[in-house]
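Colleague: In case you want the letters, here they are:
Protein chains: 2
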Amino acid sequence: MNSYVLGIDLGGTKIDAALFDESYNIVGRHRDKTEAWRCDEEVFQRIVGVASAAIKSAAVDPAQITAFGIGSPGPLDPDTGYIINTANLPFKNFPLGPRLSEEFQRRVVVHNDVDAGVYGEFRRGAASGAQNVLGVFIGTGIGGGLIINGGLYNGFSKNAGEVGHIVIKAGGPRCGCGNRGCMESLASRIAIARDIKKAIKRGARSKLARHAGKGKELLSSKDIKKAYDDGDQLVRKIVHRAARYLGIGLGSLVNVLGPEMIVLGGGVIEAMGEDFMARIDRAMRKIAFEFSATNLRVVKAQLGDDAGVIGAATLARESAQRAGADERT
Amino acid sequence: MNSYVLGIDLGGTKIDAALFDESYNIVGRHRDKTEAWRCDEEVFQRIVGVASAAIKSAAVDPAQITAFGIGSPGPLDPDTGYIINTANLPFKNFPLGPRLSEEFQRRVVVHNDVDAGVYGEFRRGAASGAQNVLGVFIGTGIGGGLIINGGLYNGFSKNAGEVGHIVIKAGGPRCGCGNRGCMESLASRIAIARDIKKAIKRGARSKLARHAGKGKELLSSKDIKKAYDDGDQLVRKIVHRAARYLGIGLGSLVNVLGPEMIVLGGGVIEAMGEDFMARIDRAMRKIAFEFSATNLRVVKAQLGDDAGVIGAATLARESAQRAGADERT
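Chains as they are written, first to last, in the numbering used here: chain A, 2 to 330; chain B, 2 to 330.
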């Protein structure tokens, strides 16, 4: 009998669910908005709805679905499946794993959304085969995940890998987390957009001057990339500085973790492309010790928006397989 | 038959060798100066001499010594036993492990000196029982070691754990490694002494004014502690700042590694004591996420100068036991 697993990627704006066969082909899929302003119970029912619709969209007997995996913003407890708290969702000490398990009568694993994405890249993407991987996703914020000795590493805190919140410039700009000078406060899309807007307000010339006027609205990665390609000197300067800060942060992490591979993904990386990656790489190698950086590869994530559902599904299947093996022994 | 293991701690100034019985009692010991200005072959012979003297000092049949462990400054390759390079020793691509193994006809394991110390604290000291440990030794420089999932973690680079060289203040003071703003450049004894001397040169009043005049000579941790206890305002200000920087660096590492325990050791920690530790702890908890820091313990290293030999000996015995188990299967 064929077996299927469902991977769910839960975000602040959308819910994405995909059903995978044993070769990790997508045989069913559904997406919908999260509507995160709703209460926890309503958002939970939306997750149930998206999962059900993804299953319904596949020509598969639901009895053949062995496990569910879901990647969610954290902090969360992967052992119990509880979401402890999240900035952009209504969940607070919410038993997301147990509730989904009750609803669908299946094994459900819950992981940090970035961890799920990094695990997807590790098992079926850019980091296949590596045993020690640092995954960094640079978008609105900066998230990370660690593969250590061939497995996802959560640490004693169960929430390791928060690489966006290493301080690389003490006394630097205020970060969303409350501290000053975190990598996220210097090199995320929010940081780049903030620096562009601030410079324009101070009178700097830029093709983004019109966009930048629009109150709190965030510049998109595409807007930034277009201005960059158009030769906008202000934007180029600020983007290059962000790449240098990313290099400083990654170089520091290389000195601590000694990884085999760094996988870079997320909206900023997707938009800015190879030159941006090359700048990060160069800046990283200035900070990292030579003996740690020589054989280190920096690669671009391959799975794009699918990394989360693929990773969650893979984690679900592997967890079910381990449980099956345990039962047989 | 009783079995013994020899632990060697190789430093830039001294070589320390201790022979341990199965309960890790020291049954023989010898120390001597490294005389690191000599060539590699001469320093190697000094290591051989110290090891032989430690063995001779014990009433033990040399046939009962099963393995040697040595902690050395790195970078080095624990798999081959080669020292790649070191700042304060003449070794360059030197086969320290193979040469010692040939000399004594025993299994020899070679590890980074700080790793050996952290492993000692993990197996027989302050971090006993914890599975994920961040060890940080703050002395002339700042070194670190990682215990991950119950084992020493070296990473793909084989030289992970260089926590002194995370950049926490981009554009900050020049570090010995060449970069700017590393934790070591802000909070090691060299950094504290540099800041005190610089302030005195600029006219700040301090009880250390006389010492600080003496050219390049480094202020000792004890000098600094004495001035601190005497209420020297300049010294207090600079020491408190160093504690804050250590907290920023450790908080960043907690966000990435999510450890169960941080073990702090080294000359600065030994000299400055509990109040300094408490200041580091508080500053760390400002940077670390609450969910990562709540159950995290920050403890002082217990083994003092013995951590290195105990750790090296433990690593040697465990390696010999694994090899024995492999042979039996």
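It should be emphasised that the hints constitute simulated quantities derived from the structure, not laboratory data.
Everything numeric in this text was worked out from a predicted model, so none of it was measured.
Errors might be hidden in some of the hints.
The list makes no distinction among identical chains, and a pair is therefore deemed to hold if it is satisfied within one copy or across any two copies.
[Claimed, not checked] Straight-line distance between alpha carbons at most 20 Å, and here's what the computed SDA-like set of lysine to any residue pairs gives:
#1 K208 - L220
#2 K159 - A131
#3 K57 - D41
#4 K287 - C178
#5 K159 - F292
#6 K208 - R32
#7 K238 - S129
#8 K227 - S129
#9 K93 - A64
#10 K287 - F157
Colleague: So, for every hint listed, does it hold in this structure?
Modeller: Structure-based check of all given hints:
1. Proximity of K208 to L220 under the C-alpha cut-off of 20 Å is restricted to the intra-copy arrangement: shortest distance 12 Å within a copy versus 55 Å between copies.
2. In this homomeric assembly, K159 and A131 come within 20 Å of each other (Cα to Cα) only across copies, at 15 Å, whereas the closest approach inside a single copy is 22 Å.
3. For the identical chains of this complex, K57 and D41 are neighbours neither inside a copy (24 Å) nor across copies (71 Å), given an alpha-carbon limit of 20 Å.
4. With identical chains, the CA atoms of K287 and C178 are at most 20 Å apart between copies only, with a shortest distance of 10 Å across copies and 28 Å within one.
5. Taking identical chains as interchangeable, the C-alpha atoms of K159 and F292 lie at most 20 Å apart only when they sit on different chains, with a minimum of 9 Å there against 30 Å within one chain.
6. Taking identical chains as interchangeable, the C-alpha atoms of K208 and R32 are never at most 20 Å apart, the minima being 35 Å within one chain and 69 Å between chains.
7. Taking the closest pair of Cα atoms, K238 and S129 never come within 20 Å of each other, the shortest separation being 35 Å inside a single copy and 50 Å across copies.
8. Taking the closest pair of Cα atoms, K227 and S129 never come within 20 Å of each other, the shortest separation being 32 Å inside a single copy and 55 Å across copies.
9. In this homomeric assembly, K93 and A64 never come within 20 Å of each other (Cα to Cα): the closest approach is 32 Å inside a single copy and 63 Å across copies.
10. Within a single copy, K287 and F157 get their C-alpha atoms only as close as 31 Å, which misses the 20 Å cut-off; across copies the closest is 19 Å, which meets it.
The structure fails hints 3, 6, 7, 8 and 9 (numbered hints given earlier, in ascending order).
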